[in-house]
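K.L.:
Whole structure, please, built from the sequences with the hints as guidance.
First to last, the sequence lines map onto chains Z and G. One point on numbering: in our numbering, the residue at position 129 of the first sequence is 129, and numbering is uninterrupted. Start counting at 1 in the second sequence, then tack on 172, and there's your number in our numbering.
Hints may contain errors.
To be verified - Covered stretches of chain Z, as calculated for chain G (at least 3 residues, CB under 8 Å):
id, region
1, 27 to 37
2, 119 to 129
3, 156 to 166
Unchecked claim - Which residues of chain G face chain Z? A partial, calculated answer using Cβ under 7 Å:
id, residue
4, 236
5, 239
6, 304
7, 306
8, 320
9, 322
10, 323
11, 330
12, 332
13, 336
Bear in mind the hints are in silico, worked out from the structure with no lab data behind them. Every residue gets a Cβ at the ideal spot worked out from N, C-alpha and C, and that includes glycine.
There are 2 protein chains.
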Amino acid sequence: MTSEEHPTGAPASATLGFAEHNHAECVTQALSEAEARCAREGLRLTPVRRKVLELLLQEHRALGAYAILDLLRDAGFGSQPPVAYRALDFLSGHGFVHKIERLNAFVACAHPGQSHSPAFMICRLCDAVAEAQSAPAKGALGEAARAAGFHIEKTVVEAEGVCPACVDKADA
Amino acid sequence: MTSEEHPTGAPASATLGFAEHNHAECVTQALSEAEARCAREGLRLTPVRRKVLELLLQEHRALGAYAILDLLRDAGFGSQPPVAYRALDFLSGHGFVHKIERLNAFVACAHPGQSHSPAFMICRLCDAVAEAQSAPAKGALGEAARAAGFHIEKTVVEAEGVCPACVDKADA
DNA sequence: GACCCCCACGTGATTTTATAACATTATCGC
DNA sequence: GCGATAATGTTATAAAATCACGTGGGGGTC
Chain Z
1 MTSEEHPTGA PASATLGFAE HNHAECVTQA LSEAEARCAR EGLRLTPVRR
51 KVLELLLQEH RALGAYAILD LLRDAGFGSQ PPVAYRALDF LSGHGFVHKI
101 ERLNAFVACA HPGQSHSPAF MICRLCDAVA EAQSAPAKGA LGEAARAAGF
151 HIEKTVVEAE GVCPACVDKA DA
Chain G
173 MTSEEHPTGA PASATLGFAE HNHAECVTQA LSEAEARCAR EGLRLTPVRR
223 KVLELLLQEH RALGAYAILD LLRDAGFGSQ PPVAYRALDF LSGHGFVHKI
273 ERLNAFVACA HPGQSHSPAF MICRLCDAVA EAQSAPAKGA LGEAARAAGF
323 HIEKTVVEAE GVCPACVDKA DA
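P.N.:
Set out below in structure tokens:
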């Protein structure tokens, strides 16, 4: 589902995925991969875009555009909404980040590189978000679409519920 | 999706918004069913709520809250945002309408009465919306959720693409 | 190198979507 | 009727997203 689990002692301040992991490592690695891919494909990972991706990787949770904007300002970038939205458009257009429609927020992609149609699990108590794979077009929806003559180009799948950590809290 | 034309005595396809059907009939029937269910379950289908449902049934497509608000004003109801949002909260809370997260808009439920986890097909060219059944929690997503210990309460499934009518137009 | 053009960025303003807060009115159970 | 509860009306404001327009940097082409 989400990031690889590192049994290392490294504390993970974040809850993407619902698993602990060595976060600093996962950020730098993801950034390098993004840079490599952009170089390969002639995409321009400009400073703002790179920073936004870095912020999302670092935070490791869904951030609203205006939260990102605040962080950009702190980092010395422009602070008007279009700055954030344009970077997010680029990043989501190329699959580096995903938009969580349900939250009007954005997360770094947890499966960079792989073409995939992502599905998200969103905790309604703590807003943690985990990414999973899905293939909605293969199931009942795909059948309905074929029957109706509808041509699916992209799907949004978001499950709302309670994450393991919050279930535990509730039990306690 | 279109307005009603043909008195097709045909299957009116309550499920697929891309099919022709006798619309006037489908509106009044859906309204009666909603009234019946509210009576049965002690829900209060007040004038505003009923009107909003009627409007959505009539339009037979996704409407934004402010579009609804305009129609409400025309009909002599209050015209401040909370009026529309409260009615929509009630209606969507009880499954009479669904929110299309992708469009920040609302549609009347096409499968009233049946408990269901709806999936939507949204035409990116004409914004038509059709409702289908889905069972995302049964597939890869459900598996991932179980593996992660995530408890799914509700799912949003929205497919974006091109509806049959717009495919035809493009071909022409 | 000089030029041009495209793309990205900076900025101000505006539009669209949604909620907070609080007073008033209608409805239900008794 | 009467009190509790739920729904509505209204004002104000917050949050999310886009428009419009000007500036500047980086590659090509010659």
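K.L.:
If you test the structure against every hint from before, which numbers come out violated?
P.N.:
Structure breaks hints 1, 4, 5.
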